[in-house]
Amino acid sequence: MLGLLGDLGIVAGLAGSVWLTWRGWRTAARPLEEGAGLGSPLKLMVVGAVTAMAALVGALLANDFSLEYVANHHSRSTPFPFNVATAWAALEGSIVLWGVILAGYAGATYLAYRRNPDRLGAGALAVMGIIGTFFFGLMITVADPFRVCIEAGAASCLNASPWPWVAASAPANGPGPNPLLQNHILMAIHPPMLYLGYVGLSVPFAYAISGLALSQSGTGWLERSRRSTLVAWSFLSLGILLGGWWAYEVLSWGGYWAWDPVENASLMPWLIATAFIHSSLVQMRRGSLQTWNYVLVFTAFALTILGTFLTRSGTIASVHSFTQSAIGPVLLGFLLVVLLGSFGLLALRAPQMETSPRLESLFSREGAFLANNLVLAILTFVVLSGTLYPLVVEAISGDQVGVGPPFFQRMAIPLAFMLLGLMAIGPLVAWGKGDPSQVGRKLHRALQAALAAAVLAMFTISRLPAVVGAIGAATFVIAASLDNLLTSAGKAAKARDGRATAEVGRVLAARPGYWAGQLSHAGVALVAVGIALSSSLALHSEHRMSPGDAVSFAGYELHYVSPFLRSEPNRRVEGATIEVTRDGQTVTVLEPRAGFYGEDTTGITTPAVHSTLAGDLYLTLLSIDSIGIVLRAETSPGIWLIWLGGLTVAAGGVISLSARRRARIGRETALV
Amino acid sequence: MRVTRVILWGVVAASALLALVFVTRFGADPTMADSPLIGEEAPNVTLSLLESEGSVKLSDLQGEIVVVNFFASWCLQCRAEHEDLVSTANAFADAGVQFVEITYQDSVPEAVAFLDEFGRSESTIYASDRRSRAAIAFGVFGIPETFFINEEGIVVGKIIGESNALVLGNAIDAIKRGEQPGQQVVGETETAP
Amino acid sequence: MSDRWPRLLSWLLTATLAVLLAVGMVGAPAGPADRATDIGEKIRCPVCQGESIAASPSQLARDMMAMVDDLMAQGLSDDEIVATITAAYPGSERLDPPLSGPTMWLWLLPALALLAGGWAISRMRRDIAVNEPPPPPEDSPAPPNSNRRVIAGAGVLGLVFIGVVVFLAFNRQENPDNGLSGIADAPVDLSEISNETMEAVISANLDHPQILSMRLALADRYFEEGDYQSAFPHYEAVLTAEPSPQLAVRALSHLGWIVFDGNGEVELADSLFDRALEAVPDDPFTLYLKGRVSWCGADDPAQAADLFSRVLGQSGLDPEVRQRVTNDLTAVQSGVTCP
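Respectively, the protein sequence lines represent chains A, B and C. Last residue of the first sequence: number 672 in this note's numbering, and the count goes up by one each step with no gaps. Last residue of the second sequence: number 193 in this note's numbering, and the count goes up by one each step with no gaps. Last residue of the third sequence: number 339 in this note's numbering, and the count goes up by one each step with no gaps.
Quick caveat, the hints were computed from the structure, so don't treat them as lab data. Predicted, not measured: the structure shown is a model, and the values here were computed from it. Some hints here could point you the wrong way.
Unchecked claim - If you anchor each label on the Cβ, the simulated ranges turn out as follows:
{"id": "1", "chain 1": "A", "residue 1": "G490", "chain 2": "C", "residue 2": "L9", "range": "42 to 50 Å"}
{"id": "2", "chain 1": "C", "residue 1": "R123", "chain 2": "B", "residue 2": "A16", "range": "26 to 34 Å"}
{"id": "3", "chain 1": "C", "residue 1": "T84", "chain 2": "A", "residue 2": "T581", "range": "20 to 28 Å"}
As the list claims (entries may be wrong) - Computed footprint of chain B on chain A; a stretch qualifies when at least three of its residues, placed anywhere within it, have a C-beta under 8 Å from a C-beta of chain B:
{"id": "4", "segment": "329-341"}
{"id": "5", "segment": "391-397"}
Glycine is no exception: its CB is placed at the ideal position from the N, C-alpha and C atoms.
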């Protein structure tokens, strides 16, 4: 029943997408039919996508094990909200989520189009229709979430049929979702955030393709898609942050980023989208960098498809790999089409839209943006080549090579410092032609603050270059921006004879986009400090303990009180109760543990974390048996700066969105 | 600008090439990559005997064909292949072939219980592996994995996954003929309890 | 004039801080002192997916970390330790690609790209000096044939997509399938297989319904070698397993010959041959052996001659066998004693 409904939803979504492509293309090609009939296909697409997702969630909630997806990824004991999150925790469901979000973005694009119906918008909707056709096509063929189970196993489905009318054979229960995915609430939120980011990048892509296909150069496509770009970028930032946070809370190695191929796959679109957000400003302000902006937006979208492909094809071994499936070749084909189509179209159109780059001076805002784009592009290239290089070498020479964190770190750290420097200087340089001595004067106090912070860090925290450097550079970024804000407020106060504090709000409100950007910069600076502190100053040790034992670690006394065993509906939890004391005072009681889900005997270790401003105490249970436990104790100094910084980065994006909204409603478009 | 167009078409060509690279990788599994040990001298590890005091050095067995198998009581494929290991060891006991079975991340009592349940060969050396030294020296990814060392102490073969008497015997026969059986994947492996 | 002093003081402060920082950082440690973790991060954990042994809580990773500690205590360099631990693993287990060999370009390409990008940006500056830019074209009308080209391009892309998917769908490498779960699943060329291997396979597959043919093959091989002692139990085992008549007759006839030739038990041999002939009447091999026993053991040349002629009366005999039986028949008829 629900399966049939879901199938209907998918078919409706597919039909809506194809229809939207057709109508959008006709409208774009023949301006006379303007505005006619784009709403109905769009509504069909949205309704179809939502129906499919609702049917899937409904089937999960109703324990409908006659569906293969439910039978293989759900169990009766899976608690809320993980039973709902299962709808996107496995391959087919994640494609449905993709479809729903795409339909949502298409809907938003349509609303914008209705306000301003023109060929560009219609063309963009047609492109989104093509993307939708592909993803709904996936759902109906190789990634069908509503296949009916026709041969039930003990707790899984052995064989399934794509036809909804065949007689179903439902197992009594299923194995439940991947234990790693039902271990922490963040895992229910992280994928949708990431997908909201990934899929959002299809909007600027669609506008760009539309503009190129219609030979409409200029900044129309940039202005029309900027909101979506910012939305996508904010969600992507949040998604990456939550992914790291989840890894830290669940994967029990005290880290948050392993340069895993799939993590890299989410970082790359973010880097390119960040570059795009900056360089599109150059085109909107100065008209240059047209081709480059197309390149960025195509690359960003292609990288999201690459990320999806890497996650799902099993081509690269990774923590995040879904099991191998037939979807790999299809996604690869789509990736190829996206790359060939977009870059080919750009190459065809390049002669028509080329404008000579206009750069009065390298020392200018646009010069700084160019430098930032260069660094971000190189960083993306480093991540991309590091991820794919082993494949390429193996294909060419058959040699096995490995590329891992040491490579990425060594490459990324200098580039990150370059970015921090640019973040401090760039926003103070004027458009067109900057005045170096004026900028130098503006930066002097920030430089003093940075040096002072570095010296202070050197004496109080650590003499490690990474720590001192990161604290200095981050202070430089934040101080330069704050100094700028206060100086402007002070000047305004002097001019109007008001109080400087009152003027701060006015200065902020005058250029909300700019200051939102500054907020994101400050977030990046905080993240940099957090990374430097937590990676350079972490302590760790391993202890074999029996009940009653105590060890001292990093100023704490860890006292192993007793083991415990708990039965929960969906798992069995084994763990150790550790009393943490400091100077004789009980600080907290931690319970590092291992969870055993269903038939799984491997066990998922879950760390126990005690967070303080100075740093986290992070306990992992490496093994537990009748004799005792092996406990790994770690500290993560300043790791909260990463979470705070990440949230600040995303907040900057969100604020600039609302700023743009106000600006649009108001009299003028305030470009940053 | 012509340069731009050339670069753009270059991107198109490069991405097509990269896609080709991916195509070659569908279904490939990095843990199935050829072991660099094959053709090299066998690592000389010292193992403690599982059920008695004392130890054995792998190099002391040189002169015979040595079959080194890694197993554990928690590994289902190891259970399935154990009978074949025993029968092969028995069959070749007088034919200059020494079987060595090494526990992988298993406790001694559990490994002994495993042998009690699934049987032993009189001629096989059962050994435990402290802190996985032997497993690391042999480059074990998962178990079961079985290595073949010829009379000169060179690693000449490796079987990944659940082996059986025919596969084991064929490999030994090939070594006796002076051939190098090389690496063979016959099934899945398990990596952890 | 008045704000010169504060400015000078301010610069003095900057300089002081800079000097302080520089002096303070002289001789500062380059990185965290935890050498073991540094080394561990250069080795991929073989049983995990994309984690280093420093990060992984898995047992093998921790054993490898313990080995790192041991090797450090032995005074090995970082590279030596990594090389020692990963010696038996493919190169993909080393996470720190060297600046040489196949991974050299991995390090060089980003550096080259940075240089190229910097050069491109600096040229953008020079371009403007040469020619003043035209205003950016806004919504320039499309050339008349442009839509057609886009449609054609889209069509080509659609075909590319379908082509790629179809090609891949038919060219997917399957994971190597273990076709060796049972010995009978794959036809086995027994000539390549040693006696020991056959013994091993047989004793590991005692209950396998199709193991009997391999048992017989092995027993026949022992029989030909004259190793009756090894052959006997296998023939016996075949018989106890309720074999098909074709297998039974082979086992019974060979057993009969073994008890006669090995132990001189004529009557037992004869009864075994009779059982064989019950299973397959007129089995030429059994008839021949029975004839040999009658001739050589029971001293009954008449019966022997009778049996030999019954063999020769059958069609489809191997010419070599026919020759041999004919020779024996001639011999027995001419009263020659058995050789």
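Checklist entry - Mind checking, does the segment 329-341 of chain A have 3 or more residues with a CB under 8 Å from chain B? => result holds (count 6)
Item to check | chain B covers the segment 391-397 of chain A, three or more CB atoms within 8 Å, holds or violated | outcome: holds (count 4)
Next on the checklist: Range first: 26 to 34 Å. Now tell me if the beta carbons of R123 of chain C and A16 of chain B are that far apart.
Outcome noted: 29 Å, holds
Checklist entry - Per the hint of 20 to 28 Å, is the separation of the Cβ atoms of T84 of chain C and T581 of chain A within bounds? => result 41 Å, violated
Checklist entry - Does the Cβ pair G490 of chain A, L9 of chain C satisfy 42 to 50 Å? => result Hint violated: Cβ distance 20 Å, outside 42 to 50 Å.
Checked against the numbered hints given earlier, the structure breaks hints 1, 3 and satisfies all the rest.
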